[in-house]
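K.L.:
Input sequences plus hints: build the corresponding full structure.
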Amino acid sequence: DAGVIQSPRHEVTEMGQEVTLRCKPISGHNSLFWYRQTMMRGLELLIYFNNNVPIDDSGMPEDRFSAKMPNASFSTLKIQPSEPRDSAVYFCASSLGGTDSSYEQYFGPGTRLTVT
Amino acid sequence: DQQVKQNSPSLSVQEGRISILNCDYTNSMFDYFLWYKKYPAEGPTFLISISSIKDKNEDGRFTVFLNKSAKHLSLHIVPSQPGDSAVYFCAASAQFQGAQKLVFGQGTRLTINP
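Order-wise, the sequence lines are chains A and B. For the working numbering, count along the first sequence from 1 and bump the result up by 3. For the working numbering, count along the second sequence from 1 and bump the result up by 473.
Honestly, the hints are just simulated from the structure, not real lab data. Quick caveat: nothing in here was measured; it's all calculated off a predicted structure. Cβ atoms here follow ideal geometry from the backbone N, Cα and C, with glycine treated the same way. Don't take every hint at face value.
Claimed, not checked - Residues from chain B that face chain A, not an exhaustive set, calculated with beta carbons under 10 angstroms:
#	residue
1	Asp-504
2	Ala-514
3	Pro-517
4	Ala-564
5	Val-576
What the hints assert, rightly or not - From the derived model, a few chain A residues whose C-beta atoms are all more than 12 angstroms from chain B:
#	residue
6	Arg-12
7	Tyr-38
8	Pro-64
As the list claims (entries may be wrong) - Examples of chain A residues toward chain B, derived with CB under 8 angstroms:
#	residue
9	Gly-45
10	Leu-46
11	Phe-94
12	Phe-110
13	Gly-111
P.N.:
Structure representation (structure tokens):
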């Protein structure tokens with residue numbers, strides 16, 4: 004298995020532009036998570052999906068952030084409009100979900116976002 | 474309010490010696506605890522976990538200890554090897570609507586000196 008795939012690996016954009024981050028979870032995994040890592044706040048959960056349905060989006064910082072999961076093999080995290088304070092590394096992770104071993108999450112390599 | 478805390482941002486250990494990384498938590502509802510390892514430019518990778526009903530779990534050179542009364546867990550690596558140099562994250566898990574939600578500590582950067 005290729006593991007969790009994220010694209011792009013690096014994104015540099017100007018303030019005010021729309022940014023879309025993409026994730027392909029591990030095949031067969033039912034839960035998908037979006038995280039953001041910054042120096043100040045560490046690794047924080049933004050939103051997660053179970054069986055393609057958003058379950059908890061309480062970590063999404065504000066309305067400029069939105070996430071979708073149109074099918075079991077694809078998810079997007081969109082920031083519109085982007086701001087310099089959104090600069091961070093964004094990770095996607097997936098897990099089996101719903102079983103005793105579902106706590107183990109597999110992370111993608113991350114997208115490093117820089118907003119100038 | 475940080476529910477999971479790693480109070481040591483960095484740790485330096487001699488190769489061959491024991492590395493001990495510590496983690497404290499506040500929420501007694503957590504049912505699993507995990508350690509993740511992260512190299513630069515990569516995502517965190519799962520290392521070892523422990524259920525809240527146990528006090529020790531061992532996997533090769535890695536052992537995790539859980540002290541529920543103190544709400545404290547630790548990761549022991551023995552013997553430490555240069556390849557163990559990485560950032561280690563402690564995470565606590567709680568079941569929420571069909572998925573296990575993880576809360577991460579801030580991480581501890583471990584450096585193994587030859």
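K.L.:
Provide an ascending list of the numbers of those earlier hints which the structure does not satisfy.
P.N.:
6, 7
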